[in-house]
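Student: Sequence:
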Amino acid sequence: MAGSSSTARFAGRATLRRSLRLLGAFRYEQTAPDRFYGPLAADTAVMVADLWRGLHGGPPDGRTVLDVGGGPGYFAAAFADAGLRYIGVEPDPAEMHAGGPAGPSAATFVRASGMALPFADDSVDICLSSNVAEHVPHPWRLGAEMLRVTRPGGLVVLSYTVWLGPFGGHEMGLTHYLGGARAAARYTRKHGHPPKNNYGSSLFAVSAAAGLDWARHSGALVAAFPRYHPRWAWWLTRVPVLREFAVSNLVLVLQPRD
1 MAGSSSTARF AGRATLRRSL RLLGAFRYEQ TAPDRFYGPL AADTAVMVAD LWRGLHGGPP
61 DGRTVLDVGG GPGYFAAAFA DAGLRYIGVE PDPAEMHAGG PAGPSAATFV RASGMALPFA
121 DDSVDICLSS NVAEHVPHPW RLGAEMLRVT RPGGLVVLSY TVWLGPFGGH EMGLTHYLGG
181 ARAAARYTRK HGHPPKNNYG SSLFAVSAAA GLDWARHSGA LVAAFPRYHP RWAWWLTRVP
241 VLREFAVSNL VLVLQPRD
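Going left to right, the sequence shown walks through residues 1 to 258 as my numbering numbers them.
Please keep in mind that the hints were generated in silico from the structure rather than gathered at the bench.
Treat each hint with caution, since some may be false.
[As the list claims (entries may be wrong)] Ranges between beta-carbon positions, derived for each pair:
(1) Ala181 - Asp81: 22 to 30 Å
(2) Pro118 - Lys190: 38 to 46 Å
(3) Ser202 - Gly57: 15 to 23 Å
(4) Ser202 - Leu178: 14 to 22 Å
(5) Gly192 - Asp121: 40 to 48 Å
(6) Ala120 - Arg189: 44 to 52 Å
(7) Ala210 - Pro118: 36 to 44 Å
(8) Gly192 - Val239: 39 to 47 Å
(9) Val239 - His217: 18 to 26 Å
(10) Gly219 - His56: 34 to 42 Å
(11) Gly153 - Ala185: 45 to 53 Å
(12) Asp92 - Gly173: 20 to 28 Å
(13) Leu16 - Pro118: 18 to 26 Å
(14) Pro137 - Ala185: 13 to 21 Å
Keep in mind it's a predicted model, so treat the numbers as computed, not measured.
From the three backbone atoms N, C-alpha and C, an ideal C-beta is built for every residue, glycine too.
Can you build the whole structure from these sequences, using the hints too?
Tutor: Below is the structure:
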């Protein structure tokens, strides 16, 4: 499901050129983070603003965005540039101080778990989680927390890497198709240390079907589409089994109700 009205503006930007640009940036994640996270953060801020416009008809200027798993500041800078008030949540202090832009002085960073957000009900306008759900043992508890803290009529964007897609194994590459535990053991033998995203502790097998099922049962689902695909390939989200291998990264767009 694409959700025509809510995604129409962003769909116009979802071109093959954009897909290739982001795909080209992925190879720099480990070696040159600025070249990866900078463009990704900017693209994410545009996506969120477009989705807000689709739901509300105007820009999200001055709105508060809570970014669950925001990392070291790239997203803070991108959302500040877009005119939003930014709050970042990050459980790992090493990630929070991993370099990158420090973010504007007005930004707030909180060390906490996305599965137990230290915020009141209905306290933010927008809640975002970018590529975090596959790193927690209870991804839909994370989703429920995001819905809880977002005001009715606001916007929740939960985007995650699908396990059976080509990037499901993260730095383990395509060896995750051998099984997560076997891929992690193979990586450790080859490199002399376990992968950063270690299967069973910091990386979990999350399916597209599970995310769609949770989102539908939440009663808040507005749209779902593959994050990095051009618009003409969004139909893949609607096809069981195929979507597990072809979607790669699934975006769930939700709007909390009264």
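Student: For each hint, tell me whether it holds in the structure or not.
Tutor: Going down the list of hints, with the structure as the test:
no.	hint	in the structure
1	Ala181 - Asp81: 22 to 30 Å	violated, 42 Å
2	Pro118 - Lys190: 38 to 46 Å	holds, 39 Å
3	Ser202 - Gly57: 15 to 23 Å	violated, 40 Å
4	Ser202 - Leu178: 14 to 22 Å	holds, 19 Å
5	Gly192 - Asp121: 40 to 48 Å	holds, 47 Å
6	Ala120 - Arg189: 44 to 52 Å	holds, 47 Å
7	Ala210 - Pro118: 36 to 44 Å	violated, 26 Å
8	Gly192 - Val239: 39 to 47 Å	holds, 41 Å
9	Val239 - His217: 18 to 26 Å	holds, 20 Å
10	Gly219 - His56: 34 to 42 Å	violated, 19 Å
11	Gly153 - Ala185: 45 to 53 Å	holds, 47 Å
12	Asp92 - Gly173: 20 to 28 Å	holds, 23 Å
13	Leu16 - Pro118: 18 to 26 Å	violated, 41 Å
14	Pro137 - Ala185: 13 to 21 Å	holds, 20 Å
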